[in-house]
Every structure is written in structure tokens, then in C-alpha cells.
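Here's the letter readout for the chains.
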Amino acid sequence: MAEYAHPEALVSTEWVTQHGGDPGVRVVEVDVDTKAYNDGHVPGAIAWAWHTQLCDTVRRDILSQRQFEALMGASGVTPDTTLVIYGDNNNWFAAWALWQARIYGHKDVRLMNGGRKKWLAEGRDVSLDAPQVAAVPYEAQHPDFSVRAFLADVRNALAHRSAALVDVRSPMEFTGEILAPPGLPETCQRGGHIRGARSIPWGRACNDDGTFRSADELRALYAHEGIDGSKPVIAYCRIGERSSHTWFVLRYLLGFDNVTNYDGSWTEWGNLVGVDVARGAAA
Amino acid sequence: MKIEEFQERRLVVDGWEVNLTSYRLGAEWRAKADNVSPGATLCRTTGATREEAETKALKRAENLLARTERRTV
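In the order they appear, the protein sequences are chains G and R. Our numbering puts the first residue of the first sequence at 2, with every later residue one more than the last. Our numbering puts the first residue of the second sequence at 4, with every later residue one more than the last.
Here chain R stands alone, though its shape is the one from the complex:
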């Protein structure tokens, strides 16, 4: 099988930079959200369209990132 329509972009979610990757594999779309710094994977999702997979990933990422507490140093 071939990865098709691979795409990667950066956006800000809940104040954090996120790297959103998506591609089509066969009939299914896959998406992945990483925090940009340091680059850890937050979630992986699937969908019937790119938009569906990405929307799921961003929602899940937003939930996770909202739990991150910033401390004063």
C-alpha cells in the first residue's frame, strides 16, 4: 500500500503549538497530533475523510493540552 496525500502543518491549540499530520491509506484517513516542543505524540485518529480524522485529533489534543499546568519560575 502507498501513503497518499501526506500533509503536515502547524497550528496552535489551547495555547500550545501542535504539529498535525494526516494522510490517506487505502480508503481510510489517518491523523496524528504531536506537541511541537518537544515533539511527543498526543494522539492518533482515523476517519472517512481528512477533515474527520483531523477534527478528531484536534479535539483529543485539545483535551490533553488543557490539562497541562504552567508554573511560575
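The following block holds chain G by itself, in its conformation from the complex:
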């Protein structure tokens, strides 16, 4: 069985049990908010809320370099810290945090394989206490946007057929039958997908216990849809967090060199005036 291209980007729940409290390691639970964290979390872990701490709360964007530095510093993270991130929903928002840490050049950032779900299912210790963290200075690298796709990049890729688009939302979101995941607020004016995109829902990359499927299984999954790393890949979803998960799979587990996350995703494309929208199943 082939190994992941970058196995160092993943740690197991057992590794976190053994090393989560080591000096130089910071464990962070990341979810859309901190409700899950408040229901019990990995002992010693701190919490980051996606909607208030990992996005600019005024304009729609990721954190600025200064905001990222402030978050890291307040979290007691130095540039040499081993940052171990996990979360609910099989690490959706954790992957978003990892993607952003990659943009700002944090050297050692890893996902806990299986996320919160696996930790709970294994009956491991949890804590209700938020640890006190001493703030430290943090200096980030200038942002590296080679892992981020903007609207112009997507348009350019479509015009020149220069990248493969992977839509990682659910099949019903892809076809346009629903505008948002069932039970969540509709955040776009039109349903459907970007023409030419392949539908590969994020969850197909995971086992039932929340861990990632094997490298061989992942390679076969994406190759079946023509995604083999031979050309650039742009992943998108609704708000960019599920596509961060797929970005992580393609970049770190399969080792594709040129993978970007279009974080504008369907909440941008599905609200644009005059753009092409495809509906129904993929051609």
C-alpha cells in the first residue's frame, strides 16, 4: 500500500494523547463556533471559531497577515510551534485553519486524523476547561497565495481550460436541487455548479471513523474523475471550508503540486450576475 505523500501532515489520536501536552506542541480545536469545544475537548486544547477568528469579520476574506499574527500570538504559538489542529465535521474547519496557516508560512502544522468524531468515539479523556495561554510574539511570512484561487483565477482557468475544477459539495447542491446543505440557510441566489466541474463530494475521501482513506483509495477516487495531478486543480464548495479539506487531501496526502482552494466558492459564483451556471448532473 502506498504511503501518503506527506505523512508528517497528519497525526493520530493516539499521538495527540501521547504528545499533545509536550512543550512546543499546541493543540487547537477549530469549528464554525466554539459550541462543540464547550461540550468537551481534547485536554489542553484551545479553541478557534471559524466565523469570528479565522475570517475577517468586516469584509469577506481570510485573516490579514496582522490578524493572523495576532491570533497565533494570543494562542501562544510561535513560528516553531508544532500546531495540531482538529475539529468537528471530519475536520472541515480544521482544514481551513491549516490552509490559512500554510498561506502565512507556518512551518509545522498538522491535522489530527479523524478529528473530534474519532476522539469521542474512542472514549478518550475530554476536558471542559479552557487552558490559560501566555501570549507570545509571532511573525508570519508574507502571504503565499499559490494555494488560493480567486474568482479571476477560476475564470481564467475556464477560459483556457488550464485547470480541473472539483466541486466537493453534496450531489444535491451540485445539481442545483438545493442551495445549501439541508437545514442550513440558503446563501446564494442560484443553484448549480461551475460548468465543467467534476462532482467529488469531500466525504468520499473519508472512512466511517472520520479518518482519511488510504493513498491508493484516494488516488483511485480522484483518478476516476480525471483528477490525477497532471494539471492544476481548483477545489471549491459553498464557503471554502469543505474544499480546504479536499485541498489538504490532494496537496498533502496525494502530493499534487498545484492545488488551490477557491474560498469564494459557490457563495461567490452563485451570486454573480451574468455568469454561466450549469445545472443537473455532470456531463
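Keep in mind the hints are simulated off the structure, nothing from the lab. Backbone N, C-alpha and C fix where the C-beta goes; we use that ideal spot for every residue, glycine too.
A few chain R positions that, by computed beta-carbon distances, are all more than 10 angstroms from chain G:
no.	residue
1	Arg12
2	Ala30
3	Ala51
4	Arg53
5	Thr58
Cross-link-like lysine to any residue pairs, in silico, SDA-like; alpha carbons within 20 angstroms at most:
no.	chain 1	residue 1	chain 2	residue 2
6	G	Lys119	R	Arg12
7	G	Lys36	R	Ile6
8	G	Lys36	R	Gly29
9	R	Lys5	G	Pro44
10	G	Lys36	R	Leu28
11	R	Lys5	G	Asn39
12	G	Lys119	R	Glu11
13	G	Lys36	R	Thr58
14	R	Lys5	G	His20
15	G	Lys36	R	Leu61
16	G	Lys36	R	Ala51
17	G	Lys119	R	Phe9
18	G	Lys108	G	Pro24
19	G	Lys36	R	Asn22
20	G	Lys36	R	Lys62
Chain R stretches covered by chain G per the calculated footprint, using a threshold of three residues with CB under 8 angstroms from any CB of chain G:
no.	segment
21	16 to 28
22	38 to 48
23	65 to 75
Based on the hints, put chain R in the right spot on chain G.
Okay, now just chain R, sitting in the frame of chain G:
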């Protein structure tokens, strides 16, 4: 603290597949409902018993899912 009696099951609520998770933490029960596809969290609840926490979660999930409109494509 330890998570105890962790349980996960699937059921259909208002025509949508839902994943219902519950467990005991100390004296309190926690429940969570997710939509199965794509796997987003719908709600989290607590209760003095598993049944109470799960019933609250399912009721809240049902209210949310009832708002989802299916379109013809």
C-alpha cells in the same frame, strides 16, 4: 473526564437523512444532529437522559430541515 456510552445512528427526519450522535459526559447527556449529506452540524443539545437530549436534537433538526426547499432541475 471520559466520554461514555458514545452512540451514533442514522435516521430520516422530514425526508432527510440525519446522523444522530449522543454520549454521556459526567451527569449530563449531549446529543448532536448532522445532515448526512454533506455532513454539516444542525444542532447540539443537552439533557438529563439520552432520550431527552436526543429528542431535543431531533425536534430542532426537524424545524431546520423543514425550511429546506427542493428545486426542480
